[in-house]
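Using the sequences and the hints given, assemble the complete structure.
One-letter residues, chain by chain:
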Amino acid sequence: MKTIYPVQKDEVIWRRIGDAIVVIKEDGLSSHTLNKTASFIWELCDGNLEINEIAKRLNERFDVSLEDAQADVHNLIEELTTADIIKKSKGKKDKIRY
Amino acid sequence: MEKRPKEMKALLPKRVNTTELESTLGLQIGSICCELRCNDPEILRKLQDVYRNYLVDAEPDVFVELELTSRLSTSKISSILTRSRYIRHGNRFRSSGRLLQGQYDLDSRTVKITGEKALIDPDNSTNLLNQLISVSYYSACKMKYGTNPPAMLVHACGILRNGKILIFAGPSNIGKTTIARLCSDRQGEVFNDEILLMSRPGVNGKGVIIQNTPIIGDLLPGRNTTAPLRCIFLLKQNNRTAWRYLDKAEAYLRFMRQIIGPSCVGNYDKKTAYSIMADFSSEVVKSIPIYELEFNRDSDTLWRVTDELEGITGAEYLN
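Respectively, the protein sequence lines represent chains A and B.
Counting in our numbering, the first sequence runs from 1 upward without gaps.
Counting in our numbering, the second sequence runs from 1 upward without gaps.
Just so you know, the hints here were simulated from the structure itself, not pulled from any lab data.
The beta carbon of each residue, even a glycine, is placed where N, CA and C say it ideally should be.
Among the hints, erroneous ones may be present.
Stated by the list, open to error - Reference excerpt, derived from the structure (chain A facing chain B, CB under 7 Å, subset only):
#	residue
1	Ile13
2	Arg15
3	Gly18
4	Val22
5	Gly28
6	Thr33
7	Asp68
What follows is the structure, given as structure tokens:
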């Protein structure tokens, strides 16, 4: 299985508003509001953490099994990639290769 | 000329003496003074009249030099405007169709614009005066304050009521002017039915302050004055009048869309522009209660519903 380091796309603008994170795309028209769990995952998508490491942190932070956390992280990353606000990098950000 | 409504008269202050015409006028837009110079005395006289509440004698932050021409008919200009777009190249800009062109110099804080007279004529319903005001304001802010304007222009109607401003925000045709027209002298004072200046929360240790602007909506702008903000209503037309709290994320997004983007000379890239708007919206949402207001254009119900909110502090919402 390939190692994936999800990273927020440079073009997006995001702000924490209360418990949620609101992500706005560069066109200023499309937006995504992330709930508390998704916001936690989003903030870890800095290009330096692999998907399984993010799932592990989710498991430590919230009352969710590691298996469920892995599924949640995987699904969310897929969703945010499709939404074009996350990139999947094969390497860490400090030596990034797209 | 588009016929102005009778209600406009109630908004107009006393006329100033415009017989002694000068070649320039100083226009106050919030904390900014914009000096307009124009080669056309007739247009300058009209601008002095329209902006009479906003004329100041202060050190200008930005100079806008207008050189007006009359090459095209008004109908031709209107036709071109509908499909016109702006092209920038370095410190020069022009519109497609050659309706206007110009250049700016940041060192001397000067913008020179050559364009068709009808674009600046207040009597022409398709004039670009409001865009000129907006760009002049944000350009001067950028020169004076960098990427952190102390106040932003917001698409909203403001009503001064019981010493504080109620903001009714929303896109064109949502009902801002309708609300202004539903406001009699007994119910409040209309600031503006189109665009207002909203300060960042906590500037000078105060809450959010609303300042009227020389923006011309369906009604002419009222007094050049300020007042503290009570709350923001985001408008939604419906067959009833009712309000509800918006959760902060929704309020943040919807309010952000009512902020006039900081278009200016030496334009920001898109991300910087949206970041400025996002920061402003998030600051406002944390400080000011924002409600959705459905309304059915009935005056009594509108003011009864807003009065219900007078007893609500919004503290629960803000916490």
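Evaluation of the provided hints:
1. Contact between A:Ile13 and chain B, as hinted, is supported at the beta carbon level, the nearest pair being about 5 Å apart and thus within 7 Å.
2. The beta carbon of A:Arg15 comes within 5 Å of a beta carbon in chain B, closer than 7 Å, and the hint placing it at the interface holds.
3. For A:Gly18, the suggested interface contact is upheld, since its CB lies about 4 Å from the closest CB of chain B, less than 7 Å.
4. At its closest, the beta carbon of A:Val22 sits 5 Å from a beta carbon of chain B; the interface hint therefore holds under the 7 Å criterion.
5. For A:Gly28, the interface hint holds, since its Cβ comes within 7 Å of a Cβ in chain B; the closest pair sits about 5 Å apart.
6. The restraint placing A:Thr33 at the interface with chain B holds, with a minimum CB-CB distance near 5 Å, inside the 7 Å limit.
7. The beta carbon of A:Asp68 comes no nearer than 25 Å to any beta carbon in chain B, farther than 7 Å, and the hint placing it at the interface is violated.
Violated hints amount to a single one, hint 7; each of the other numbered hints is respected by the structure.
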